[in-house]
Amino acid sequence: MLPNMYYRAGVMELGPINPDPNSPERKQMFELMNSLNVPLVMEDTNALLAYAETQKAARTDIIGAVGYCMSGQYAINAATHFPDRVRRRVDVRRATGDRSRRQSASRCRKTKAELYFGCAETDVYAPQRLSTR
Amino acid sequence: MKGSNNEVEIYPGTHHGFAFPKRPVYNRDAAERIGTAARALSPQPRLTLREACRWRIAFEFATNRSSDADDVNRIAVAAFGQFRDQYADWPAMLAGLSKTSSLSAAGEVIVAAYHDRSRAQSLFWTDYREGRVFRSGVAHHSHADRRPSRQGPGTRAMP
Numbered sequence: 000m001l002p003n004m005y006y007r008a009g010v011m012e013l014g015p016i017n018p019d020p021n022s023p024e025r026k027q028m029f030e031l032m033n034s035l036n037v038p039l040v041m042e043d044t045n046a047l048l049a050y051a052e053t054q055k056a057a058r059t060d061i062i063g064a065v066g067y068c069m070s071g072q073y074a075i076n077a078a079t080h081f082p083d084r085v086r087r088r089v090d091v092r093r094a095t096g097d098r099s100r101r102q103s104a105s106r107c108r109k110t111k112a113e114l115y116f117g118c119a120e121t122d123v124y125a126p127q128r129l130s131t132r
Numbered sequence: 000m001k002g003s004n005n006e007v008e009i010y011p012g013t014h015h016g017f018a019f020p021k022r023p024v025y026n027r028d029a030a031e032r033i034g035t036a037a038r039a040l041s042p043q044p045r046l047t048l049r050e051a052c053r054w055r056i057a058f059e060f061a062t063n064r065s066s067d068a069d070d071v072n073r074i075a076v077a078a079f080g081q082f083r084d085q086y087a088d089w090p091a092m093l094a095g096l097s098k099t100s101s102l103s104a105a106g107e108v109i110v111a112a113y114h115d116r117s118r119a120q121s122l123f124w125t126d127y128r129e130g131r132v133f134r135s136g137v138a139h140h141s142h143a144d145r146r147p148s149r150q151g152p153g154t155r156a157m158p
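Chains A and B are the protein sequences, given in the same order.
Reading the first sequence from the start, the letters are residues 0 to 132 in numbering that gives the first Met the number 0.
Reading the second sequence from the start, the letters are residues 0 to 158 in numbering that gives the first Met the number 0.
Hints in this document: simulated from the structure, not taken from any laboratory.
Take these hints with a grain of salt, some might be off.
[Claimed, not checked] Here are some of the chain A residues that sit facing chain B, going by a computed Cβ distance under 7 Å:
id, residue
1, Tyr6
2, Met28
3, Phe29
4, Glu42
5, Tyr115
6, Gly117
7, Ala119
[As the list claims (entries may be wrong)] To list a few chain A residues with every Cβ distance to chain B over 10 Å, as calculated:
id, residue
8, Met4
9, Met11
10, Asn21
11, Pro23
12, Arg25
13, Lys26
14, Gln27
15, Ser34
16, Val37
17, Ala46
18, Leu47
19, Lys55
20, Leu114
21, Ala125
For each residue, glycine too, the CB sits at the ideal point set by N, CA and C.
Please take these sequences and the hints and turn them into a complete structure.
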């Protein structure tokens, strides 16, 4: 399942993102990213799991999650908010220094999931001291 | 993150966004390793995430296609043949190994290779009944490096 993270803002498709950090597309992307928080996304996750339970083809007693970049923190939180169901999680990491993200790392202690973090060696958003903490 | 079952891996020489093919910083080898780990997110996992990131899956064997069966058997013999002097009855062991592909009757045989493609290949066997993974042996790539020439039911080439 691949949710539209930005449905609240009525955004269905961002399109190509200009790599220039000052481009309007990138500014919009960051605005949308910053409009989300863990409680909102976990609310969405709960709805996704409820939908999956209505699907015969879906197995919902154990779940895997993949998060790239900003979604990594949400995959971690899915593993901690639904600890009996999320068993495996892959995170291609963007770890920022703010408080809510630091809490994501500390929450890892509460999950039963097998966790794998794949990190870029050079990442302006995730210095290695954060990745390895 | 003490107290959790986790692993953190730094991919040397990569930059933020390395897993996305359309980005200038795309790093194919690193992205494929991440992809292998993501594919291991199966309800009945065949490899642990740690294993999956070290190996790329060369091919999976779950049917009786004779060409793949021969390769599976050959890799198994090569893997264990390195230790033939350690077996009291190597001919008997060899006879059993020569039928390794028959394991597919009860599970799935995966031939995996190290990502650097220069080291080794290994057989993994998943028993459908127990959902367990058994690593059955490691052979050098010179004995084993192959990919199926075409796709078929039960046999999938994976990047």
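* To do: Any hints from earlier that this structure breaks? Give me their numbers in increasing order, please.
  => When the structure is compared with the hints, numbers 1, 2, 3, 4, 20, 21 turn out to be violated.
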